[in-house]
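K.L.:
Put chain B on the given structure of chain A with help from the hints.
Residue numbers (my numbering), protein chains in the order written: chain A, 1 to 274; chain B, 1 to 329.
Under 8 angstroms between C-beta atoms, here's a sample of chain A residues computed to sit facing chain B: (1) Ala122; (2) Thr145; (3) Phe208.
Output of the computed footprint for chain B on chain A, the stretches with three or more beta carbons under 8 angstroms from beta carbons of chain B: (4) 17–27; (5) 38–52; (6) 109–118; (7) 196–207.
Since the hints were derived computationally from the structure, they do not count as laboratory data. C-beta: ideal position from N, C-alpha, C; glycine also.
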Amino acid sequence: MRRERTGMWLRIGCGVLIVGVMLFPLYWMANASLQAQWALLDPSPRWLPFPPLIDGYKSAAGSQWPHIVTSCAVASAAAVLSLAVAAPCAYALVVFRMRWTTFFILLMLIAQMLPHIVMANALYAIYAQLGLLDTYYGLILADSTMGVPFAILILRAFMASLPRTLVEAALCDGLGYWGVFFHIVLPLSRNGLITSGLFCFLFAWSDFIFALTLSTRQKIVPITLGIYDFIGTHGTDWNGIMATAVMASIPPIVLLLFGQKYITAGLIGGAVKE
Amino acid sequence: MRHSRPPRENSTLAVPLPEALKTPDASRVRQRNVLYGPWVPLGFVLPALVYFAAMFGYPLYYSISMSVRHFTVASFLTGVAPYVGLRNYVDLFTDRLFLAALGKTAIFTVFSIAGQMVIGMLLALFFRRAFPFSSAMRALLLAPWLLPIVVSASVWRWMFAQDTGIINYVLLSAGIVSEPVPWLIEPAYALCAVIFTNIWIGIPFSMAVFHSGLQALPKEIFEAAEIDGANAWQRFRFVTLPLLKPLTAIVFILSVTYTVKVFDLIFVMTGGGPAYGTETLAIRSYQLSFRDLDFGHGAAVGNVLILISLCFAFFYIRSFKRSLIVEEG
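With the rest of the complex left out, here is chain B:
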């Protein structure tokens, strides 16, 4: 539904924030409403408050509490989980597998995000000007993002199969490789394979967001640049990119927080193997808790993962908060 609210100037963002992130108009908020007491709003938010406390607050508290205890499978039976302070966290930094997982997570995240943002941007630029069937094509391109990740992971697992997979068949027929590549069998290749698959899943998101950002840019600027003699590359480099910078930052941060926690994809494609070759922090946390039944260390790894996400989220929230203040002020 369209609404007729005039667009508000926003000094920090060239592209308006997603509608979902805006607070209601200042003019609306300011209206003094004396029709209700404090308990009327409370009645509406109470289910959500209880829900958030029970399903987010308590698990988060529990995760922190488990991570500072010697919490094993025996703890479930006896109810005893002795407090050990920060020992679990200290243990992590002397654990070779944890440090390796940290590195794998970094590699996985950097390459996934670089790939999906660059390709997403290219596709968004391609679909910038509408042509017949372009919106239908864009819609179809969202499919990888909507499919259950387990489905995508199993399809790619089969496509990466060494002897019967289509990828090796194509590479061999094109003469790019002379013998089948041991995807999913050699650790380094397996990491490439999961990164490649994750890029495929992530492209639709960045394409869609960049596309919406490009549509929101004023056409006059590009016309002016064109009259001034800027070629296509210069228009992209010096006009489009700077204008899209805030949106790019948002896509980047959302992609980071999404990518560091990827679990299903790696678990189904490789199970973290071969030889721990694709074991990221999320997989490591699962293995510690549910295979080794060492929930204390598993929770500690999970909390490190939260910390990493929060570091990036911090920048997101800072820019988001500033724009809120501008909007309300």
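Chain A with its partners taken away, still in its complex shape:
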């Protein structure tokens, strides 16, 4: 009994150590964001941000606030678009008997493997002809390519786990397939929609390459590009850069702290049933 308890404490201790080492960069980012600029150029590091200074946030907020708004708008729109395309498709893959279901799923797996630089190259050339460069539509469409295949796979797995009898009963009651979709399957798939929606939002929020290549005139600058430009123009202003990085990490951190069950579901495509 005693030995078991020491074993448990040992495990907890090791676990805390592992988490501490792995998440140290995050602490270091937060720490740096609260230091004075001169303190960060001192070769001996200051381990604790006391007294905390908000200079970094002041210098970042002024220039980065519009970029955060841009990121929020683009990512939300991309998530909504992704779900609108993915949900009916996932429903069809579950409800109807289709010969090319397997083929379609393979297609989505391959779509997720396409290098973003290839997409960026081609979309740049295509957008140049269509006049979609430097437009919100263009960037939202490009960002949604990361979410749509993922959302279809997640939603399909989720809808497949709903009891089939519900659908059949509703069909017998005279509700058409669209009725079943809107009134039965969609409301019941709430968690699946939240999971895939959150991930689509995060994919678009984290996007860098599409913003870099498809918005050449610096008209649409999401926060990721904002950080990059910040490093380029204020190379030594590390407290400002880290403050911007902290602000860009807020959505994923909030998701991590409050939406844990959605993450685990999304991370491995619903692989785990815990």
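P.N.:
Then chain B, alone, in the frame of chain A:
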């Protein structure tokens, strides 16, 4: 939500395929449904079909089409991009920078994947048996994977700074090095730095997948092995590893296809430099297209990248297809 479908036997995979990759149950599929004509399903998949054609099919076609043309910035203005056949691809193999990028991509991929799979597996083994706070700890460990890569890259870029970075400070104080290491300044060190950072980002994924795989293994086998006198290492080597082989293959292939296309991380940390030291194929493709404005060659490099991914994806799809046939048959 839990569902009560009985688990199906699967002859190719010891660990069941991720739920997302399964097709609906054979019994469900077989039901003859006469309530709808062919256009009802079409209505539901039409948005997705149009979307895939426009946002994946057409760009892919365009990428191939650009790669067989002399496509430069002038082509946008004049609309003229003469067809040159496979010249762009032939050019690549006499281009020293391309060949160097190919090598860098290989090194980057091999070391990244080795690192993240080994550490991910070790962490999964550590968290195998639940203990107080273990699930909270596992959740926290996912953070590196969820953060925007630009954020991680800038934090590590600062930590790797030569004079003010924490990494050199720790190495110096511990007496491991006698003078600051020029991370991000010397090409070889810069490559190490980006690989190290990429491992850090990739660990959560392999940890989470291996963890789920370990949870799915039947406990009785391990008890039996323990009764037979197998020690912890033997149980891992001769029971756990063989059972996890299919899952390991999936993690490996997904990691390869993810790692060969890494762009943001390297671009923000080093920009492909110093002296092309961290220029992988993805960065090379970007530089050709968007710095040299030579979109033909840029597309050709990108397509080589697709080919590499597809080679690995092929094995993935083969094993995946076989299991589908087993499931439906």
